Amino acid sequence: MKFLVCVSKTPETTAKIAFSGDGSQFETSGVNYIMNPYDEWYALVRALELKELHGGSVTIINVGPASNDAVIRKGLAIGADNALRVNAEPNSSLYIAKQIAEHAKTENYDVIFCGKESIDYNGSEVGAMVAELLDLPFISFANHLDLEGNLATVSRDIEGGIEVAEVETPIVVSAAKGMAEQRIPNMRGIMMAKRKPLSVVEPFDFADLSVPVHFQLPPEKGGCVYVDGENMDELVRLLHQEAKVI
Amino acid sequence: MHNQNNGTITKSAKTDRFQHHDYYGVDELLTEEHLLAREAVREWVKQEVSPIIEEYADKSKCPTHLFKGLAEIGAFGPSLPVEYGGGGMDEIAYGIIMQELERGDSGIRSMASVQGSLVMYPIYRFGSEEQKRKYLPKLGSGEFIGCFGLTEPDHGSNPSGMITNIKDDGDAYILNGAKMWITNSPLADIAVVWAKDEEGAIRGMIVEKDWKGFSAPEIHGKWSLRASITGELVFEDVRVPKENVFPDVRGLKGPLSCLSKARYGIAWGAIGAALDCYDSALRYSQEREQFGKPIGQFQLTQKKLAEMITEITKAQLLAWRLGSLANVGKATPAQISMAKRNNVHMALQIAREARQIHGGMGITNEYPCMRHMMNLETVLTYEGTHDIHLLITGMDVTGLNAFK
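From first to last, the protein sequence lines are chains A and B. With the working numbering applied, the first sequence corresponds to residues 1 to 246, in that order. With the working numbering applied, the second sequence corresponds to residues 1001 to 1404, in that order.
Everything labelled a hint here was simulated from the structure, so no lab data went into it. Possibly wrong hints are sitting among the right ones.
Said to hold, decoys possible - Restricting the straight-line Cα-Cα distance to at most 25 Å, the calculated cross-link-like pairs of lysine to any residue (SDA-like) are:
no., chain 1, residue 1, chain 2, residue 2
1, B, 1046, A, 221
2, B, 1046, A, 178
3, B, 1014, A, 13
4, A, 194, B, 1082
5, A, 221, A, 70
6, B, 1046, A, 120
7, A, 196, B, 1032
8, A, 194, B, 1321
9, A, 194, B, 1090
10, B, 1011, A, 178
Unchecked claim - Partial pick of chain B residues on the chain A-facing surface, computed with a CB cut under 7 Å:
no., residue
11, 1033
12, 1037
13, 1073
Only a predicted model underlies this, so the values are computations on that prediction, with no experimental measurement involved. Every residue gets a Cβ at the ideal spot worked out from N, C-alpha and C, and that includes glycine.
Please put together the full structure from these sequences, using the hints given.
Take a look at the structure:
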């Protein structure tokens, strides 16, 4: 079976987020990058587990500049067989999805995985867009996926319960917590990753439909105001005049 | 959850908030593999070592379940060839792995140093093809634990005075004597032992734990490396088959070449302990307030922190250069001595200063500094003492031998 795992590079979770003075750009200096954890821990590892069960191959795809190679190489060290990087500086989910779909449409992947969201933009868009562009079924936020022949059984958390879906491959799945457990690459995997193919292709020509114009930080959280339980008048006054919620 | 050896010790919920410190951009001198190896081992340490180490150290217990994890991550003999159970990496990668393990605890790094540099390395370097095939894959996979016997109760800095000896007895040698301060020995399946033959030449051999007359009692009461198990090796008429003796190596150069390898790893490892102390002290100085401001705003705290990062940066550059020399086989034993001595002393000083910045909290196991400080007292002494390494440098630059 052929598996494709879409991975993105994100700032690590403890990175201090700042923007340039005019708000047009994210300040990258001093920021360490990682593979988006949903892509790495859940999507990639489940793809590897399914390959170990059913045979086949796992390919990683990333849309980004050469500085993303380190993150891709980590995916190869964890166990992916090969990788493809579309050499571009994407500005939107649609741009990324178009590039992935352009590659995948001729490759006959059985399952295309992505993480449920990236931890920087939290868009949860690319998987759905890829599915739409390829006219494939899409299951989002999946925390379990089994394959039996071309039948996939996928479960996902819904409000108050679990939804189980059966769907015929090929499919696109976005992976949430529970799908698999993080694998730390070992030293042998790291050395083998050097020899695995990482091919770079130029992007297919597509005029982006949107461009980010401005970034800004959320307002700083204010302090808590404690109101004496007996003092209802003051509470009402604050809710009415300060918070303006009543 | 851990195996039965661990009693009731479970993982602490406290998060290891360590972040790397690279003041001079030394990372730019490293390769993609080096950085990946560092990230992987750091992640492993954060998940497997940090949540349990304080309690194991407190109870003076060895987290034996970590041997398997160390093997899986590839921490045993990473620079040995893959076909002999190693990782096929370069010497800088090996150093980085030791740094990250020691960032967790010097005792955990010691477990890996001994297995890789003092057991697998001599078997790889001096062993017969049969010895290599028999032992190395099992050592690399963690199925076997090994230890290294050179130091004796009365011969520490002067190993050439050893009295452990072998006598020819047909198809075997009869081994008698005792070794002291042997990391991993009570747990070990095999010991690489150095003993004098009847001509007075030092020979190396592989001794298996079940052989009659061989015992490895544990040494208790250590205030240092408490999460690492240490013992003796006692040999009473142990029959060592001749096929278990290293065929070609004679003299001290055998064990000393292993020690060079391990000392090289310590030169890197000590940086890990120093980084952990510095990282904790820097964070504490920003969070702890006295007199209405963070203590990091006081000049005397800044002096400590500034000196710490200066010394760490120097040590990082020293280790990187030594690693570059080692990669092309040009690191001399005297150069390794200089780096081991400098970096371990640096780390010990930083642990003490970091402990001071933490104030009273610094003496508790809420913070790692006191544990590192106590560990580093051992690291200062083992694998060649602080003083002996100074005399090695002295001999190297003057050409005059202070040992005789």
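Where does the structure disagree with the numbered hints, that is, which hint numbers, in rising order?
Those not satisfied are hints 1 and 5.
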